[in-house]
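Protein chains: 2
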Amino acid sequence: MIPQNQNRRAPSADEIIALLNGVCQPLAAARTPLHEAAGRVLREPVCAPEDQPPFDRSAMDGFAIRLDDANLEFKIVDEIRAGDWKPRELQAGEAVQISTGGALPGDGLQVVMKENVRVAGKILTVVERDSNRCIRFRGEDARAGQVLVESGTTLTPGALALLASIGHAKPMVTRLPRVLHLATGNEIVPPEQTPLTGQIRDSNSVLVRAFLRHWQITPQQKRVPEDEAAAKSEISNLKSEVDLLLVSGGASVGEHDFTRRLLEHFGFEILVCKTALRPGRPLIVARRGNQIAFGLPGNPLAHFVCLNLFVRVTLGKFSGWAAENIFQPGTLAAKLESGRNARETFWPARSEMKSGEMKLTPLRWSSSGDLTALALANSLIRVKAESSGLAAGAVVEFVPTI
Amino acid sequence: MIPQNQNRRAPSADEIIALLNGVCQPLAAARTPLHEAAGRVLREPVCAPEDQPPFDRSAMDGFAIRLDDANLEFKIVDEIRAGDWKPRELQAGEAVQISTGGALPGDGLQVVMKENVRVAGKILTVVERDSNRCIRFRGEDARAGQVLVESGTTLTPGALALLASIGHAKPMVTRLPRVLHLATGNEIVPPEQTPLTGQIRDSNSVLVRAFLRHWQITPQQKRVPEDEAAAKSEISNLKSEVDLLLVSGGASVGEHDFTRRLLEHFGFEILVCKTALRPGRPLIVARRGNQIAFGLPGNPLAHFVCLNLFVRVTLGKFSGWAAENIFQPGTLAAKLESGRNARETFWPARSEMKSGEMKLTPLRWSSSGDLTALALANSLIRVKAESSGLAAGAVVEFVPTI
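Order-wise, the sequence lines are chains A and B.
Using our numbering, you'd call the opening residue of the first sequence number 1 and step up by one each time.
Using our numbering, you'd call the opening residue of the second sequence number 1 and step up by one each time.
What the hints contain is simulated information worked out from the structure, not anything from laboratory work.
Some hints could be false.
Pairs involving identical chains hold if they fit within one copy or between any two copies, as the list cannot separate such chains.
30 angstroms max Cα-Cα, derived DSSO-like pairs, lysine-lysine [said to hold, decoys possible]:
no. : residue 1 : residue 2
1   : Lys170    : Lys222
2   : Lys114    : Lys232
3   : Lys170    : Lys122
4   : Lys359    : Lys335
5   : Lys122    : Lys274
6   : Lys170    : Lys384
7   : Lys114    : Lys384
8   : Lys222    : Lys86
9   : Lys114    : Lys274
10  : Lys354    : Lys384
11  : Lys335    : Lys384
12  : Lys222    : Lys359
13  : Lys335    : Lys114
14  : Lys114    : Lys75
15  : Lys114    : Lys86
16  : Lys86     : Lys122
17  : Lys354    : Lys335
18  : Lys75     : Lys384
Pulled out of the complex, with its shape left as it was, chain A reads as follows (with noise of 0.2 angstroms):
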């Protein structure tokens, strides 16, 4: 996808983002119940089956009345409480003691709150009557038919709670996608094992775990030697299954470098083999049909710029949301640090809004295999390739970071 003149210069980040926005489709949705749907994408619109509400409800705790009644003493005939269904038709001079959200008797009344009477057993006082009808009239939220939720919609606990108060109870929503993850390296060894000299701990696989938690996904992990038989035999289990295969490291060019080998193996169709990002050169986009699959560079901060990059915008369009631009406009809050450097640079942050102000503060990073940044950061500040350090105040791009 990215055009053939172009295959000798490494893509930028937004052509890797355009090219997977181009190439990533909605994943098939299917009927959820309620409490499995909380923060997915419905693929339907929702209508109110009936008016909402569906009845005259009693918007206080009080007395019904009719409403052409002019009497200031009242005789209370019933008491109507929440869930109650007691239709009657009410007489000048009577009165029905109503809860809140009870339904009204018939039509043509009105509530009196119980703050604006006195009752003594069974005769009622109004002191005090206004125009309030203090009635919650059918139909005055939305009416039958009437779209509540479009299609397209995240849903929020909000609209989980319109969902269920309509009796919508399984709503269409995007199934969430199947991720398998390998970690690859000889080095690694995983986080409480004590490396010998050489080694370390395998950090990536924490990372994108806790990643994928954020959109509710918990991926396949296996940690894999560089050794191509092995990791064949991982994905041979499991291909048919999984819309994102992520492999953690053997990205690069190297001759012990297997991801492509690995995945061209595979059937995959290699869209990006390098990119002109830093940190994040060594990066393989590869796709069949509609799986897409990554090679991530084994740097951890690489490894985190990838993630909330391209994956990112992977997982997003697999939801069923539209492109959306990850970008945001920052002021840099102190001044950013950095040589000249030929390659667009993705550098740690934190931001926070001061004053309606989107405020960042770039964090001190010695190279991609150093993570110290990683405690604090929650952006990644877009610096241009060429451009050599930012002034304080100065306004840039930033992605907020999960």
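Position chain B relative to chain A; hints supplied.
Chain B only, in chain A's frame:
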């Protein structure tokens, strides 16, 4: 905690938030595996147990040679892959092939990128050599003993990866709150059920569950009739285990509203029993030791407001956050048409960042029972008491909602 002489005046949102910030205490911390610690608050400072990185590592695929070796041709005497540990003293004219991440075999070396050499058998010719040593030096990210993650940090995926990289696999984080939610009301039926006239579907249980999910909490939930005995037995079974008790409905002063009596029965001290909010006037806040209880108004929009203002502050304090200002400034994208009201109003709205500014579009709502606005709402605009409508472009305070 609301001063005695204010007993007769219903407290404002700010007063209730200040009260909660005063009475709620962080829950205990416990050692927790990394994959369960995402989004939780670290309750200990975490230091680097050793220099980071712990040994000199190659930043590139290339060849290690002596820094002081001016030769152009070298004999390749060994290969070091990531994970290997092969200390040796290199002689002038000797080179060792090394992979990215590989441990340098000794000091005083430089790595020449493989893009800058030619290889013929065991003979290496350096084509281009610059001052870049292409080494990630021991300790360049952090020194042993240096604090890497401060106590009080919310653990993002990046922070978890950092902990994994230093083998801190069971950080001390705040335990999750235990929550019991009772939905009361004789008129409510489950969302799957078709209500009779006078009945409505229970949307608050769905709202509460999805809201708490944001905090990784799965509440115990029960629907109970407005029956003190039934509710008492539900609570009796669980009272000692619960950090937060939420009761939906029954919070106003109607004679059938039993939440207050219920809480007093169980020894809760009533801190608030009515507010100056719209929607959300009938709200009970109570405590017993470090346990907090809310009697939430049954009307769903009022319910939404109280969750997003007060339950949110409580959960933030429980989790170990410092008292935070939940309000942010924003600008109205359209006028907000509201009759003058004596109560401070929290108005459902849609917020969007546009060109670095937070723009708020007020949504239509007809009453505290109208949850149609919640299809789109992601914010609540604070409209001051006695104000009557606001023009487009007005600067307002808002709360982003969950």
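For Lys114 and Lys86, with the copy left unspecified, which applies at a CA distance of at most 30 angstroms: within, between, both, or neither? This pair counts as within: shortest intra-copy Cα distance 20 angstroms, inter-copy 87 angstroms.
Please sort Lys170 with Lys222 into within, between, both or neither, judging by C-alpha distance up to 30 angstroms. between (34 angstroms within a copy, 20 angstroms between copies)
Are the CA atoms of Lys222 and Lys86 at most 30 angstroms apart within a copy, between copies, both, or neither? The answer is between: 28 angstroms across copies meets 30 angstroms, while 64 angstroms in one copy does not.
At most 30 angstroms between CA atoms: does that hold for Lys122 and Lys274 within a copy, between copies, both, or neither? between (84 angstroms within a copy, 28 angstroms between copies)
For the identical chains here, do Lys114 and Lys384 meet the 30 angstroms Cα criterion within one copy, between copies, both, or neither? between (67 angstroms within a copy, 27 angstroms between copies)
Intra- versus inter-copy proximity for Lys122 and Lys170 (alpha-carbon distance at most 30 angstroms): neither (47 angstroms within a copy, 67 angstroms between copies)
Which holds for Lys114 with Lys274 at a C-alpha limit of 30 angstroms: within a copy, between copies, both or neither? For Lys114 and Lys274, the Cα distance is within 30 angstroms only across copies (16 angstroms; inside one copy 73 angstroms).
With 30 angstroms as the alpha-carbon cut-off, assign the pair Lys170 and Lys384 to within, between, both or neither. neither (46 angstroms within a copy, 39 angstroms between copies)
Check Lys86 against Lys122 for me: Cα-Cα at most 30 angstroms, and say if that holds within a copy, between copies, both or neither. within (19 angstroms within a copy, 97 angstroms between copies)
Checking an output row: Lys354 and Lys335, CA cutoff 30 angstroms. Within, between, both or neither? Close inside one copy (17 angstroms) and across copies (24 angstroms); limit 30 angstroms.
Using 30 angstroms as the alpha carbon limit, work out where Lys359 and Lys335 are close: within a copy, between copies, both or neither. Cα proximity of Lys359 and Lys335: in one copy and across copies (12 angstroms, 28 angstroms).
Treating 30 angstroms as the Cα threshold, decide for Lys335 and Lys384: within, between, both or neither. Classified as within: same-chain Cα gap 15 angstroms, cross-chain 39 angstroms, threshold 30 angstroms.
Against the hints set out earlier in the document, violations occur for numbers 3, 6, 12, 13 and 18.
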